[in-house]
Structure formats: C-alpha cells, structure tokens
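Assemble the whole structure, with the sequences as input and the hints as a guide.
There are 2 protein chains.
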Amino acid sequence: MFKSNKPLENIKVLDFTIALAGVYVSWQLADMGAEVWKVEKYGVGDQSRAWAPFINGMSTLYTSYNKNKKSIELDLRQEKGKEIIYNMVKKADVVLENFKSGSIDKLGLGYDKLKEINPKIVFVSLSGFGKNGPLAKLPCYDAIAAARGGFAASNGDKKGSPMKAANANCDTLTGTHALNAVLMGLYNVRKTGKGSYIDIAMSDTVMVSVAETIIDYFTGNYQGTRFGNNDRFIAPYGIYETRDGWVVIIADTEDKWKAFCKALNKKEWITNPKYINNKSRIENVEELMREIEKVTINYKRKELEKILLEVGVPTSEVLPFIEAYTSEHANKTNCTSMVNQDKVGLMRFYNNPLQFDNKICEIKTGAPLLGANSREILKKIGYTDEKIDELYEKKVLGSSLI
Amino acid sequence: MFKSNKPLENIKVLDFTIALAGVYVSWQLADMGAEVWKVEKYGVGDQSRAWAPFINGMSTLYTSYNKNKKSIELDLRQEKGKEIIYNMVKKADVVLENFKSGSIDKLGLGYDKLKEINPKIVFVSLSGFGKNGPLAKLPCYDAIAAARGGFAASNGDKKGSPMKAANANCDTLTGTHALNAVLMGLYNVRKTGKGSYIDIAMSDTVMVSVAETIIDYFTGNYQGTRFGNNDRFIAPYGIYETRDGWVVIIADTEDKWKAFCKALNKKEWITNPKYINNKSRIENVEELMREIEKVTINYKRKELEKILLEVGVPTSEVLPFIEAYTSEHANKTNCTSMVNQDKVGLMRFYNNPLQFDNKICEIKTGAPLLGANSREILKKIGYTDEKIDELYEKKVLGSSLI
Numbered sequence: 235m236f237k238s239n240k241p242l243e244n245i246k247v248l249d250f251t252i253a254l255a256g257v258y259v260s261w262q263l264a265d266m267g268a269e270v271w272k273v274e275k276y277g278v279g280d281q282s283r284a285w286a287p288f289i290n291g292m293s294t295l296y297t298s299y300n301k302n303k304k305s306i307e308l309d310l311r312q313e314k315g316k317e318i319i320y321n322m323v324k325k326a327d328v329v330l331e332n333f334k335s336g337s338i339d340k341l342g343l344g345y346d347k348l349k350e351i352n353p354k355i356v357f358v359s360l361s362g363f364g365k366n367g368p369l370a371k372l373p374c375y376d377a378i379a380a381a382r383g384g385f386a387a388s389n390g391d392k393k394g395s396p397m398k399a400a401n402a403n404c405d406t407l408t409g410t411h412a413l414n415a416v417l418m419g420l421y422n423v424r425k426t427g428k429g430s431y432i433d434i435a436m437s438d439t440v441m442v443s444v445a446e447t448i449i450d451y452f453t454g455n456y457q458g459t460r461f462g463n464n465d466r467f468i469a470p471y472g473i474y475e476t477r478d479g480w481v482v483i484i485a486d487t488e489d490k491w492k493a494f495c496k497a498l499n500k501k502e503w504i505t506n507p508k509y510i511n512n513k514s515r516i517e518n519v520e521e522l523m524r525e526i527e528k529v530t531i532n533y534k535r536k537e538l539e540k541i542l543l544e545v546g547v548p549t550s551e552v553l554p555f556i557e558a559y560t561s562e563h564a565n566k567t568n569c570t571s572m573v574n575q576d577k578v579g580l581m582r583f584y585n586n587p588l589q590f591d592n593k594i595c596e597i598k599t600g601a602p603l604l605g606a607n608s609r610e611i612l613k614k615i616g617y618t619d620e621k622i623d624e625l626y627e628k629k630v631l632g633s634s635l636i
Numbered sequence: 235m236f237k238s239n240k241p242l243e244n245i246k247v248l249d250f251t252i253a254l255a256g257v258y259v260s261w262q263l264a265d266m267g268a269e270v271w272k273v274e275k276y277g278v279g280d281q282s283r284a285w286a287p288f289i290n291g292m293s294t295l296y297t298s299y300n301k302n303k304k305s306i307e308l309d310l311r312q313e314k315g316k317e318i319i320y321n322m323v324k325k326a327d328v329v330l331e332n333f334k335s336g337s338i339d340k341l342g343l344g345y346d347k348l349k350e351i352n353p354k355i356v357f358v359s360l361s362g363f364g365k366n367g368p369l370a371k372l373p374c375y376d377a378i379a380a381a382r383g384g385f386a387a388s389n390g391d392k393k394g395s396p397m398k399a400a401n402a403n404c405d406t407l408t409g410t411h412a413l414n415a416v417l418m419g420l421y422n423v424r425k426t427g428k429g430s431y432i433d434i435a436m437s438d439t440v441m442v443s444v445a446e447t448i449i450d451y452f453t454g455n456y457q458g459t460r461f462g463n464n465d466r467f468i469a470p471y472g473i474y475e476t477r478d479g480w481v482v483i484i485a486d487t488e489d490k491w492k493a494f495c496k497a498l499n500k501k502e503w504i505t506n507p508k509y510i511n512n513k514s515r516i517e518n519v520e521e522l523m524r525e526i527e528k529v530t531i532n533y534k535r536k537e538l539e540k541i542l543l544e545v546g547v548p549t550s551e552v553l554p555f556i557e558a559y560t561s562e563h564a565n566k567t568n569c570t571s572m573v574n575q576d577k578v579g580l581m582r583f584y585n586n587p588l589q590f591d592n593k594i595c596e597i598k599t600g601a602p603l604l605g606a607n608s609r610e611i612l613k614k615i616g617y618t619d620e621k622i623d624e625l626y627e628k629k630v631l632g633s634s635l636i
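Read top to bottom, the protein sequences are chains A and B.
Numbering-wise (the numbering used here), the first sequence opens with residue 235 and increments by one.
Numbering-wise (the numbering used here), the second sequence opens with residue 235 and increments by one.
No incorrect hints appear here.
Note: identical chains are not told apart, hence a pair may lie in one copy or across any two.
Calculated pairs, BS3-like style, for lysine-lysine (alpha carbon to alpha carbon, straight line, at most 27 Å):
(1) K614 - K347
(2) K428 - K246
(3) K365 - K593
(4) K628 - K275
(5) K393 - K528
(6) K593 - K354
(7) K354 - K428
(8) K246 - K354
(9) K246 - K593
(10) K325 - K628
(11) K540 - K371
(12) K316 - K349
(13) K593 - K334
Hints are computed from structural coordinates only; laboratory data are not their basis.
Right, here's the structure in full:
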C-alpha cells in the first residue's frame, strides 16, 4: 500500500510549461505529491493569470490548473537567472517544457545542457507537431491539434461542419500522455539510474484518441463521414431527444434491441425488415433515429432512463452541467473539494480522478501567487538569505504576488 | 538514457480487461515493452474479435488494440483455471480488470485475495462510476460516460443537441489516466516495495477533461450552453468554411485580429464598434462568424492557411481523414508502421505517441490469435509440458486460434 495517497512525494519538478497541455502535467504531478517548482516570467507570470473567469481579480482558470504548485518568479534573460535554473536542475527529478519548438535550446536550457548537470533528469518536451517533420515550426492550439489529428473531421453532425470540442480536450489528452512519459522516465531512473529525453506531439496523441476511425479508414471502408449522434457500427447507439432533455440509449445486442422495442411499445419494429438485424438498422440508421425520437420525445429523461435500465438496456440521461457536478453521484464520490485559495477564499476544486488505496488525493494548497515561493525554493537548493536578497535587488528574482 | 525504447521491458501484466478503456491500458503497456498476458474467455475470447472492420475474417479493431500482447485462453469457472491465475499473480507486477463492478471479487480474484499471494501487485480496477456511490452498479459505455461527465452536454452546435464524439474518446482518456495509475503504482513498488489498489472511474476522468467548463460553471457564469465551433472567451477562435473544406483560425490578441482583418481585406472590421475588442467580438460572435465565412468561403483552405500563417495568425486547415493519416507530416514523424499480423498479413498500425530518446516504440508483433500463447505463458510460470497437456485435455486451457 502507499504510505500516503501521494505516491510522488519525494519528486521535484522544474516546470517551465506555459500552455495548458504542459500545465496539466505538472498539475497532475502536484496532485500526486510531487513538489512542482513553477518557473514564471518576471513581472508577468503564467499567461492564464490574465484569463477569465475571475474572482477578486484572480483567474480561477489559473488557480484550478495550478493548485498544489509553488511559484518562482525569475528573469531567465539574466545570467544569474540561468544559474538558478542550473542549480535547481541539480536537485530536480523532472523538467517539463512546452515552449515553441527549439526555444529552450536557444535559452541555453535544453536537454543536452541540463543532462550534463544532472544525468538522471527526465526531460519532457511537449509540442504541437514534434521536434521534427514539416510542421515542427507551426503554431499549435487545441483546436489546431484537433484539426490536424482527425478529431475535428470526425466530430459533428453528418450534414454539418467538422467540430472542435467545447473544451481543450486535445491539450488535456496530450498532458495525460505526457504524464505517462514522466512516470516511465522516473521508473526507468529507479531501475537503471539514468535519465531520458521524451518528445511528445499534440497531433500524435489526438490521432491515437481517434484510433477507431483510423483503423476503419486504413482497413475498413470509412471515408471520413461524420456520424453525429449515431454510431458507425451499432444501432441504436446514440443520443435521443426527450421531453426535457436527452438520453443515451445503447442496444448493442439483439436481446437488448427486442427489450428496447417492447419497453417503448413498438413491438412492430422487431419484425420490420428495415430493422430486422444490426446490419439493417445501420443501413437505415437516420430513419431509425427519427422514429425513435418520435417515441422518446413523449418521455421525461429520468423516466425513460428508469424504464430502459429496468429491462437491461444501457441508458443514461445526458446530464446538463448544473446536474453533472452537483449530483448525488458527484457528491458521494468526492469529485470536488473546497480549498482555501489566496485572494479568493474558499473555492471549489475538482479532485484527481485517481484514487489510491480508496483515498482521494487531498488538495494541500490552492495555486500560488506570482513569485510566492521564490525564496523558499532557493533556500531549498542551498542559497543563503543574503544571496537571495541580492537576487531580488537585481531583479533576477521577483515576488509580484499577483 | 533508456537502454532501449521499451522502458517497461521487465514488467509482467495479468490482463483481464474486456472493454476498450482497459484494453487500451494494456496496449500502451505492451507498446512500452511490458509482457502482457491477456486472459481470454475459453472458446470465445475478447469481445472485439467479433467486431468490424474485418480483413480475412480477423477484426482489425481487435488487432489494433491488442498488438504486442500474448493471449492465454482460460476457463476461469474451473478451480484449475483459478489456480493458474494464482500462479500467474506470483510472477506478475500488474493486474488490470474492468469487469462489472464487484464481479472479480465474486470470481475469487479480487485485490484482497491476490495481494495475499503477491503483496507487490499493482491492481487497477476501471469502472464506469467507481466502486462506490449511487451509480456504481449501472452499465457504462463510452457515450454514457460522455453523458454523465459533461462532455456530451458541452459538445455540439449551439442550437443542436448534446453530442457524443465519433470515437470512444472517453474510453481512451480513461485508459490513459489508468496507465498513469499503473505507472505510479510501479514507481511506488520500486520505492517502497509495496503494491497498491487503484480505482478509476470513467465518469471522473471525463469530468477532468472538461475541467475548463466546470471551472467556468463553478466560478464564472457558464450555464452549460453549447458553443459549437466558437470559443467562449476568444473571438475569432473557431472553424470556418472555405471553398473546399474548413480552417481553424485563432486571433487571440488584438495584433493578430488586426493582421487577420488586413489579410482578408476587411480593414473596416478593425474600427467597427461591434468588433472593436475581444469582449465586443464575443458578444457578437455569431454574427462575426457569419461575416468571416462570407470571406473565407472564397478561398481554398490551403491557400487561406498560407496567407494567414504568413501574417502570424495561427491557422490550420481541418484535415479530412484521408489527408490526416497520409500527409507528409504523418510520414515524416512515423505516425504509423506496417507490421505482420497473423491471418491478415502486413497491415498498418499506428505508433505510440511517446518517443523516448528520439526513437519510436517499435511494434514487435501483431495481436495474438485466441490462446496462441497459453503454453508459452504457463511454461514461464513453471508448469511442465505434461501438466499443460493435462490442462488442455480438461479444457481449462484452450488454443482456439481464432
């Protein structure tokens, strides 16, 4: 068993990340107990500090993604700023960065330099399109990764346009993969004593997330059509309208299909040649969807969910936001916690989805104000108070506390 | 540096997973060098063996998700079948399962039992809604997790219905998180010598993937409206139609907005009060989108991408499937490999998105036929050929080779 629910408690992370995919990795590492040293630009800090929504002038987008971390405000253009990084690397286990491709090398802080200082370092670079290849220098945002990796092409209504998700799901997905990279690197250090360099591209992780469609494209007959709220292989498998919202209904076997028809008082569908088996239902899926909605529209969503679950047909209401995060389920499974946040006061954070030994990963602190931990971190790596005062004076170190 | 690009080469995984979220975890582990012992139901095997698309009667959905693994075909209802599992657990590092909540305990193969046999085991359970809470017993499929976790509610057109993704993105996301759990568990064993139990729920990982909207719901003014191809906070940030497809355009600063207007010969937008700053553009985002599309529809997507990239506006064509996976970028960055697959011959697999020390994770083998490795695995854990022959005779072990 874990000594605590913080498996990474002894790990130190030097975190240069400035865009969500990377910030997400250090968020996860911090949740798991790692000490994250968030290196922020002197006087400015993380770009998301300026992004809505705000409470008391504090970005809750920033706070949510940066809880449990520590902030050091640093001028990397000064030699003494770089020197601090070199000294931090000596004590760190992991370096994370998602600057524009190649920028960290130009700063003199690339893997080749840092591994000389600490050969055990696990160095993870996140980028849009990898370090090589024809797109390496192009800008990448979540929606661009979605567009280049096939998510946008496959998401959306059959007759509509390709669609991005409402959230930066390509960023968070890339972050989750990058976390795997960090953990494999750390495992490898324990095993072999050696560090490593890991390169991860958003476009590649998006491709893996749409693997099913790629498989079907390369080995089946998928030509890239969007299927909206139907499935390509199973019918019914989709989202259907009810009187007060929507439900997901999945009848992925003939038994479930029959139970579904009976429960809706539509026994005639069972013998209708157009719906006689899954193949026929797929061929007539658009018509079938319209027919199903003529029935489902007469029910309330919770009522229909109950009726269909009782006869063994996997069904779920589509929860509106307000219900998803305030439901009995969300409460009972500890999806969120209230934590004290500087400048904000008590605010709601969501908990990490991993539960170790049946305990949630406790949130120790909110997100740091800019430069809040500069002195603390430098003392940990051996700087004296006098030396630190000097660095503040020379504006190598900052404590803007915004 | 890694000795090879297979950081998990010494790890053995006892893999009971039967649904994609779990199968995805062992796929990733196998890619990274772990030896995955896929325990399959006697005479039947992995359910996806029966799922389209097929080549030579072999499901390429199955092969793609099960490459690099080994298959043991086993009757778990027989005592001798369970005994085999107990002996496998002695040699294994990881156990993965995603049976219906509680089923593995009833089979006598739950964590409490297996940790007695091997206290170092890292045991990961994946489920729809966790082991506890009011939804624990409900069936969960990808679209149901999307419906309960807020992805469906936020995805889709403003005036349309909530929308699931075209792919099982909630399954793969949960798998990626579960892989993190496995790796933290393995790291912890190296550190403390002790195993652990980790529970992971699809609905929870989906919630984290829509974190931005949750933050905005709890701390901002988001009421759960869908925003389709626009962004809630930045305009323009979206997908726009062109003469031959779509482009993503992102003008997230005033400088980029001005450069965008000039490049499209729409300088009058810069001074139009409705678009004068980001706040105004967000207020008029639907009209702005229509106005932009009146212009973009006159360009070809690659042409528009080039024009806007040249003036520093992040832009990308939305790649149709056929182009995404056959592009120069996909080729140069080794997104896929051709590998020999039993029954199929040479087929295309996609590579793991993680590159260690600049090397792709080589795909060693295709996916196993049902029971292909039963004898091999049993010999590894100490069974003699005579004993194994006896188990085949008693139909505890199978080699259906389908």
